[in-house]
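Once you know that position 18 of the sequence shown is 21 in the numbering used here, the rest is easy, because the numbers rise by one and skip nothing.
Mixed in with the good hints there might be a few duds.
[Claimed, not checked] Straight-line C-alpha distance at most 25 Å; calculated SDA-like pairs for lysine to any residue:
#1 K44 to D28
#2 K55 to V9
#3 K24 to V9
#4 K17 to K55
#5 K55 to M4
#6 K55 to L20
#7 K55 to W35
Hint data in this document are derived by calculation from the structure and do not stem from the laboratory.
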Amino acid sequence: MILVAVSPILFRSKQYLPGDKLPEDTDFVEAWIRAGSAVWKNEDSSRPAAVKAKPATALSGLVGDAVNSDSHENLIGRVPQTEKRRKK
Numbered sequence: 004m005i006l007v008a009v010s011p012i013l014f015r016s017k018q019y020l021p022g023d024k025l026p027e028d029t030d031f032v033e034a035w036i037r038a039g040s041a042v043w044k045n046e047d048s049s050r051p052a053a054v055k056a057k058p059a060t061a062l063s064g065l066v067g068d069a070v071n072s073d074s075h076e077n078l079i080g081r082v083p084q085t086e087k088r089r090k091k
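Turn these sequences into a full structure, and let the hints steer you where they fit.
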């Protein structure tokens with residue numbers, strides 16, 4: 004069994020990305036597993052550990068006054084979400 008990162012972990016000035024093998028000789032192993040940041044995987048697996056990530060993005064644009072905005076939100080740099088612009 005090997006310890007594999009599920010989310011990015013910075014440990015001893017080294018960045019471990021999802022799918023990277025983590026050091027097992029530390030007191031942080033149980034904390035990483037409890038937090039969901041690492042999991043134990045079978046070492047005999049021939050392909051790299053598959054890690055499922057949740058896509059996370061923020062809407063672009065700065066909040067501020069916009070000229071001729073046709074929604075209740077006045078945003079700069081972002082097209083307002085209106086009924087006309089929604090995908091069907």
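Checked hints:
1. K44 to D28: holds (16 Å)
2. K55 to V9: holds (8 Å)
3. K24 to V9: Holds, at roughly 10 Å.
4. K17 to K55: holds (22 Å)
5. K55 to M4: Distance ~19 Å between K55 and M4 Cα, so the pair holds.
6. K55 to L20: Given pair K55, L20 holds - Cα atoms ~12 Å apart, limit 25 Å.
7. K55 to W35: holds (17 Å)
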